[in-house]
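Visitor: Spelled out, the chains give:
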Amino acid sequence: QQKVQQSPESLSVPEGGMASLNCTSSDRNFQYFWWYRQHSGEGPKALMSIFSDGDKKEGRFTAHLNKASLHVSLHIRDSQPSDSALYFCAARNMGYKLTFGTGTSLLVDP
Amino acid sequence: GALVYQYPRRTICKSGTSMRMECQAVGFQATSVAWYRQSPQKTFELIALSTVNSAIKYEQNFTQEKFPISHPNLSFSSMTVLNAYLEDRGLYLCGARDFTGGLYAEQFFGPGTRLTVL
Chain L
806 QQKVQQSPES
816 LSVPEGGMAS
826 LNCTSSDRNF
836 QYFWWYRQHS
846 GEGPKALMSI
856 FSDGDKKEGR
866 FTAHLNKASL
876 HVSLHIRDSQ
886 PSDSALYFCA
896 ARNMGYKLTF
906 GTGTSLLVDP
Chain C
5 GALVYQYPRR
15 TICKSGTSMR
25 MECQAVGFQA
35 TSVAWYRQSP
45 QKTFELIALS
55 TVNSAIKYEQ
65 NFTQEKFPIS
75 HPNLSFSSMT
85 VLNAYLEDRG
95 LYLCGARDFT
105 GGLYAEQFFG
115 PGTRLTVL
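Chains as they are written, first to last, in the numbering used here: chain L, 806 to 915; chain C, 5 to 122.
Same shape as in the complex, but just chain L:
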């Protein structure tokens, strides 16, 4: 079973809407989290990182981390068609290995 599970598998939101993506890990050794975005035909690119409990906001993107429940979320407000992509949560343990989640496919309808 994947150590980092994401939900939903796919998500469709209207342009200007809010997209909410979730990620839960099953390994308490994961302490450092990133959200990556992958557009078709490209490699994944880091959107933002979060290492401490609470919220972190960067522009239209807000990440939330709750280490006690091993839950990370990403919220995209004012979603744009260019936000349509695959989104991956990635977690790192003390051994430097970066483990990717199962991914969420986001479609923003213009």
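Simulated from the structure, these hints should not be mistaken for lab results. Glycine included, every Cβ here is placed at the ideal spot set by N, Cα and C. Please note that the accuracy of each hint is not assured.
To be verified - Here are the computed distance ranges between Cβ atoms for each label pair:
1) L:D858 <-> C:L90: 41 to 47 Å
2) L:P915 <-> C:N57: 32 to 38 Å
3) L:S825 <-> C:K70: 36 to 42 Å
4) L:D914 <-> C:L107: 21 to 27 Å
Starting from the known structure of chain L, fit chain C onto it as the hints suggest.
Guide: Relative to the frame of chain L, chain C by itself:
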């Protein structure tokens, strides 16, 4: 800025043959390079983690005999897929970072090499 290039972008090989792919980091020191395979279903599998001047650590189900990796300096790494078969198809991604940034250091990815096996 930090960039990672991968060559070739796409390759097709016959079943049982081998192919080599390359990864080049520009704008930062790639002290650590991770090779991943992304399946057609988009899930990631870590193949191995290479750190300059240290042994390469392969993940379960991946071996040096099948996926030999070279990481000779702070900007270049290569991996060969030996004796490729249908189950080896996928997008091979190189993720590089400067481990002097510690556990907070971002991993930068290239666009990948897409392997098709006939």
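Visitor: Hint by hint, say whether it matches the structure.
Guide: Hint check:
1. L:D858 <-> C:L90: 41 to 47 Å: holds (45 Å)
2. L:P915 <-> C:N57: 32 to 38 Å: Violated - the Cβ-Cβ distance for P915 (chain L) and N57 (chain C), about 50 Å, lies outside 32 to 38 Å.
3. L:S825 <-> C:K70: 36 to 42 Å: holds (40 Å)
4. L:D914 <-> C:L107: 21 to 27 Å: violated (38 Å)
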